[in-house]
Amino acid sequence: MKLYKLFFAKASLYLLQVLVLISSISCATMTASESENKYDQIKAENKIIKQNITLLIRENNVLKEENSKLKNENASLKSDLKLLEAKIELLNKNHEKEIALLNERYSTLLLQKDKLEQESSSKISQLQAENKALEEKLSSEILRLSLEIKNKEESFALEKSEMEKKYAEMEIALQKKISEAQNSLLSSQTQLESLKTEIVDLKDKLQSAQKIISEKDLTIEDLKKKNQTQEQNQK
Amino acid sequence: MSCKKSFHSARIKALIILIAIIHILGSNSFPKTQEHKDENFTIIITANLQGLYSTEIEDQEKEDTIITLAQSIVSESKEDPFDLYVDLGNSLYPGALSKYSYGSAIFDFFDFTNCKATVLSSRDLNIGLSNIELSSNDRKTKILSSNMLREQSPLFMPYFIHDFNGKKIAFIGITSQDSVLDDASKKILDVDLLDYNEAVKSSIQRAKEEGCKNIILLSSLNLRQNTELIKNFPEIDLIFTGNEPGGKFFSVPISRVDIDTGGTILVLNKNKGFYRLELNLTEKPLIESLKFYESSYKKIHSNSYNNFISRISIWKSKFSEEENKIITETSKPISISDENAAQMLRHRYRTEIAIIEKNSILPKIVEGTIYSRTILGIVNNDYPIFTYRLSGADIKKIIESDSDFVISGIKNNKIQGYEISDPKFYSVCSTQFVYDKVTRILRKDIKYTNRWNTITEEITDDLKKDKSFIKENYDYLDERFRLAIDINLSNFYDKSEVSMGDKISTPPGKPSTTYTRWGMEDTINIKFYNNHHEFLFTPYIYFIKKDEQYLQNLLRGTFLYTYNANDYVKPYHKSVGETVVKEVDGRPILVRETIGASLFWKTLNGKIGIGFEKQIQEEEGPVVYGFETIMDAKFNITNSLAYIFKLDTFISSAQDQSNLQMRTEIANSLSLQINSILGISLKHKWFKLYSREIEDSYKYTQTLISLDLKTDFKFF
Numbered sequence: 001m002k003l004y005k006l007f008f009a010k011a012s013l014y015l016l017q018v019l020v021l022i023s024s025i026s027c028a029t030m031t032a033s034e035s036e037n038k039y040d041q042i043k044a045e046n047k048i049i050k051q052n053i054t055l056l057i058r059e060n061n062v063l064k065e066e067n068s069k070l071k072n073e074n075a076s077l078k079s080d081l082k083l084l085e086a087k088i089e090l091l092n093k094n095h096e097k098e099i100a101l102l103n104e105r106y107s108t109l110l111l112q113k114d115k116l117e118q119e120s121s122s123k124i125s126q127l128q129a130e131n132k133a134l135e136e137k138l139s140s141e142i143l144r145l146s147l148e149i150k151n152k153e154e155s156f157a158l159e160k161s162e163m164e165k166k167y168a169e170m171e172i173a174l175q176k177k178i179s180e181a182q183n184s185l186l187s188s189q190t191q192l193e194s195l196k197t198e199i200v201d202l203k204d205k206l207q208s209a210q211k212i213i214s215e216k217d218l219t220i221e222d223l224k225k226k227n228q229t230q231e232q233n234q235k
Numbered sequence: 236m237s238c239k240k241s242f243h244s245a246r247i248k249a250l251i252i253l254i255a256i257i258h259i260l261g262s263n264s265f266p267k268t269q270e271h272k273d274e275n276f277t278i279i280i281t282a283n284l285q286g287l288y289s290t291e292i293e294d295q296e297k298e299d300t301i302i303t304l305a306q307s308i309v310s311e312s313k314e315d316p317f318d319l320y321v322d323l324g325n326s327l328y329p330g331a332l333s334k335y336s337y338g339s340a341i342f343d344f345f346d347f348t349n350c351k352a353t354v355l356s357s358r359d360l361n362i363g364l365s366n367i368e369l370s371s372n373d374r375k376t377k378i379l380s381s382n383m384l385r386e387q388s389p390l391f392m393p394y395f396i397h398d399f400n401g402k403k404i405a406f407i408g409i410t411s412q413d414s415v416l417d418d419a420s421k422k423i424l425d426v427d428l429l430d431y432n433e434a435v436k437s438s439i440q441r442a443k444e445e446g447c448k449n450i451i452l453l454s455s456l457n458l459r460q461n462t463e464l465i466k467n468f469p470e471i472d473l474i475f476t477g478n479e480p481g482g483k484f485f486s487v488p489i490s491r492v493d494i495d496t497g498g499t500i501l502v503l504n505k506n507k508g509f510y511r512l513e514l515n516l517t518e519k520p521l522i523e524s525l526k527f528y529e530s531s532y533k534k535i536h537s538n539s540y541n542n543f544i545s546r547i548s549i550w551k552s553k554f555s556e557e558e559n560k561i562i563t564e565t566s567k568p569i570s571i572s573d574e575n576a577a578q579m580l581r582h583r584y585r586t587e588i589a590i591i592e593k594n595s596i597l598p599k600i601v602e603g604t605i606y607s608r609t610i611l612g613i614v615n616n617d618y619p620i621f622t623y624r625l626s627g628a629d630i631k632k633i634i635e636s637d638s639d640f641v642i643s644g645i646k647n648n649k650i651q652g653y654e655i656s657d658p659k660f661y662s663v664c665s666t667q668f669v670y671d672k673v674t675r676i677l678r679k680d681i682k683y684t685n686r687w688n689t690i691t692e693e694i695t696d697d698l699k700k701d702k703s704f705i706k707e708n709y710d711y712l713d714e715r716f717r718l719a720i721d722i723n724l725s726n727f728y729d730k731s732e733v734s735m736g737d738k739i740s741t742p743p744g745k746p747s748t749t750y751t752r753w754g755m756e757d758t759i760n761i762k763f764y765n766n767h768h769e770f771l772f773t774p775y776i777y778f779i780k781k782d783e784q785y786l787q788n789l790l791r792g793t794f795l796y797t798y799n800a801n802d803y804v805k806p807y808h809k810s811v812g813e814t815v816v817k818e819v820d821g822r823p824i825l826v827r828e829t830i831g832a833s834l835f836w837k838t839l840n841g842k843i844g845i846g847f848e849k850q851i852q853e854e855e856g857p858v859v860y861g862f863e864t865i866m867d868a869k870f871n872i873t874n875s876l877a878y879i880f881k882l883d884t885f886i887s888s889a890q891d892q893s894n895l896q897m898r899t900e901i902a903n904s905l906s907l908q909i910n911s912i913l914g915i916s917l918k919h920k921w922f923k924l925y926s927r928e929i930e931d932s933y934k935y936t937q938t939l940i941s942l943d944l945k946t947d948f949k950f951f
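Those protein sequence lines, which keep their order, are chains A and B. Numbering-wise (this note's numbering), the first sequence opens with residue 1 and increments by one. Numbering-wise (this note's numbering), the second sequence opens with residue 236 and increments by one.
The hints are simulated quantities; they were obtained by calculation from the structure and are not laboratory data. Fair warning: this is a prediction, and the values are worked out from it, not measured in the lab. For glycine and all other residues, C-beta sits at the position ideal for the given N, C-alpha and C. Among the hints, erroneous ones may be present.
Once the Cα atoms are required to be at most 30 angstroms apart in a straight line, the calculated DSSO-like pairs of lysine-lysine come out as [claimed, not checked]: (1) B:LYS599 <-> A:LYS43; (2) B:LYS593 <-> A:LYS64; (3) A:LYS38 <-> B:LYS422; (4) A:LYS69 <-> B:LYS553; (5) A:LYS69 <-> B:LYS375; (6) A:LYS43 <-> B:LYS699; (7) B:LYS679 <-> A:LYS43; (8) B:LYS599 <-> B:LYS560; (9) B:LYS560 <-> A:LYS50; (10) B:LYS377 <-> A:LYS50; (11) A:LYS43 <-> B:LYS553; (12) A:LYS69 <-> B:LYS533; (13) A:LYS50 <-> B:LYS422; (14) A:LYS50 <-> B:LYS375; (15) A:LYS38 <-> B:LYS682; (16) A:LYS64 <-> B:LYS553; (17) A:LYS64 <-> B:LYS599; (18) A:LYS50 <-> B:LYS593; (19) A:LYS64 <-> B:LYS422; (20) A:LYS38 <-> B:LYS421.
According to the in silico footprint, chain B covers these stretches of chain A (three or more CB under 8 angstroms from chain B) [to be verified]: (21) 52–59; (22) 136–149.
Just a few of them, taken from the derived set where beta-carbon distance is under 8 angstroms, the chain A residues facing chain B [as the list claims (entries may be wrong)]: (23) ASP40; (24) GLN41; (25) LYS43; (26) ALA44; (27) GLU45; (28) LYS47; (29) ILE48; (30) VAL62.
With the hints as constraints, model all of the structure from the sequences given.
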């Protein structure tokens, strides 16, 4: 029994030691695994943040350069603007001077215009008076000439009626002469027609006579040829 | 005064003419004019841009792929206006400038070209999820992904609605299911990929509630998954996919698939230009025309274009400033590839094998100065490096899986010159991308250590110090010595209590007395080895005590040297020292020295050797010479049940051929593995010692069931 108790006590002690060992190992493992997880978590966060920061820094650098470029452009544009403003100011000043000069010219021109207007109005009235006198003279001349034309027209109408009478008489006499001539023409035409038929007859007669003559000539030629042949034969 | 008035009126006239010119010009630019609005719905689509900006500023307007594409799209918007421009993803990675800007330079391109949205694709995730989120903040172009979730709600915009002549069209984005989220994002951002069917279902439902008549999916899934979606959801009119592997049918590239239910899948994966798609939306969307236009140099005159070019030039100059750092110099041309990167990882993490994905490194010949930008330009994978342990069986499965892996450290199915052993664990180094694929192949979680460095960082660091990345010969990695410790603890405890009176007899088969029996058979193998030499030191205790009686009391130390000559025969030298654990009548010590050859054939392993043994203490004995035969074999019946056979004989005699003895021990065991470290074994041991001198023998058999604790460690 004593042995059993001793063994049991030893075994319990051994078991306890094993349990303590196991629990301490498991605790150590758990703690190690927890800290490993935490470490991994921190590493993961660190990785993401590092990459994000790199990205942001790079984007920022690009934007910075873009910004500085734009700033430079802005500065050069500003200086250009200043230059342009100075130019505009100069142009404005020149412009003002020109305007003053033009205004002066304008006022002198206005004065000239007034003077010329005065001068021209006296001239116009003078010319109007002259025109009036000329118109009056012209109307009296027109009146005179129209009277003259009237008188001439009247004398011309009288002369014209007399001439018409004379011509009517002459026309009647001439018509008489024409009818007589027409009659004589008609008789001479009939004579001509008869003469024409006579000529035609005569022409026919002449043609027949000519035919006879030509036939006679041919017979003469034949005779002559016959005669020549006879003579040759005789020779 | 009148002059001033005329000057003022001239200015007003000039202003009116200017406004008229602006109005005329404005009416001709993107978006379409009223005249075009009544015609077809026109979409411009790009895909797989891969952030391929050049890094040169000179002639960039004519030579840079992305800039010429921007010119072509803007020019198209003026010459032949369109309604919408979308990108199908894979646009941020692996272009060096895009990598450097964490995708920001590509978002500048999208902003300039008025891109409405881009789909988040698997390769884009190399940039890092939080970086993508940060780069795309406050941009005109939105990232689409209906299945990328953070705390159960979409991380990016799941869809957008486009109104065309009063018709609402929903464009839903889907991220590839094969996407690998970087470890940091997984740990910190609590993001997850929802199943694409569920994601599409909920997006379609919401889009319909908002009055959408037409649904178009912008997908980076593969063809099988896209077909499944269009079959499951007849509401989907069209799927545009730019995913490269998505466009293959029986390994044949295809560009369009029409489904009987009316849906169409368009594979739009060309990347040196843009697609112009004309849709007739009178009823179901009908494809009127689809053309691909290659990008080319176009002269653009606008302030926004000048600003875009200026922004990209600044990115490039900053890239040159930072990435023109000299990392190292090489005196001769060296060809670098995936193999170099994998071997470098093995070198840096002292692992037995290293695995990376094919094309993680663009093959290149480097000579002279190696700059930071050189490294940035060749690396095609920016996931962190993980180290973990895989069993030989797992490694074999990975090799057989025919994945696009480049594995260094395995030659002719051997690791460091030794056949891959199924139960043995090997140290592995890989990218997170490969690790995720490995867990999918093996269908189990594997404990890993994240090294928080990418391949780019590893190469940069390595080239500054060891330059293992540009080595031509990596044989030295196999010549490295490693220390491995295998522990096998097999223990049992048996306590029997008997109490009986004086009058009763012991029942048959029951013990007559109380006894306590406990024992252990513990082996520790401490191995120091490389590809040629193996030094193994094995302390062994076999101790069984029954009450005060020692049934087994053996303490053995073995030192074994093996020369790894070839696969079948390996010479060895063995020194064995044996004594007792607990001293009983002194401490006898026996030593045995043998040399011989180890023979290997499949699962059988035998040793034949000659040597001598001598008891050197407590009755010093004569030197006896002998012949030893050792054989062991392990046959796996199932994954967890194995049969193990061991035979150990030593035939010895004294120099004068007297005292011939034969000692034989045969052990048969059936071992059931409960988990990776615990197992139960049923063992049967048979021992015989025969002495010719006295013509007598000693036999001993033992059958026992034990609880085994097995574990192994590798230190370097």
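Restraint status (C-alpha distance of A:LYS38 to B:LYS682 at most 30 angstroms): holds (16 angstroms)
Cut-off 8 angstroms, C-beta pairs, minimum 3 residues; does the coverage of the segment 136–149 of chain A by chain B stand? violated (count 0)
Restraint check for A:LYS43 with B:LYS553, where alpha carbons must lie at most 30 angstroms apart: OK: A:LYS43 and B:LYS553 at ~28 angstroms, within 30 angstroms.
Against the 30 angstroms threshold, does the CA-CA distance of A:LYS38 and B:LYS421 hold or violate the hint? Holds. A:LYS38 to B:LYS421 sits at ~14 angstroms (cutoff 30 angstroms).
Restraint satisfaction for A:ALA44 [CB to CB of chain B, less than 8 angstroms]: Holds: closest Cβ of chain B sits about 4 angstroms from A:ALA44, inside 8 angstroms.
For the restraint on A:ASP40, tell me whether the closest CB of chain B is nearer than 8 angstroms. For A:ASP40, the interface hint holds, since the closest Cβ of chain B sits about 6 angstroms away, which is under 8 angstroms.
Decide if the proposed pair is consistent with the structure: A:LYS64 and B:LYS599, CA atoms, cutoff 30 angstroms inclusive. violated (35 angstroms)
Examine the segment 52–59 of chain A for residues whose CB is less than 8 angstroms from any CB of chain B, and state whether their number is three or more. holds (count 6)
Mind checking the CB of A:VAL62 against every CB in chain B and telling me if the closest is under 8 angstroms? Nearest chain B Cβ about 5 angstroms off; hint holds.
Tell me if the straight-line CA distance from A:LYS38 to B:LYS422 falls inside 30 angstroms. Holds, at roughly 11 angstroms.
Given pair status - A:LYS64, B:LYS593, alpha carbons within 30 angstroms: violated (39 angstroms)
For the pair we were handed, A:LYS64 and B:LYS553, check the Cα-Cα distance against 30 angstroms. Given pair A:LYS64, B:LYS553 holds - Cα atoms ~11 angstroms apart, limit 30 angstroms.
Of the numbered hints given earlier, the model fails hints 1, 2, 17, 19 and 22; all others are met.
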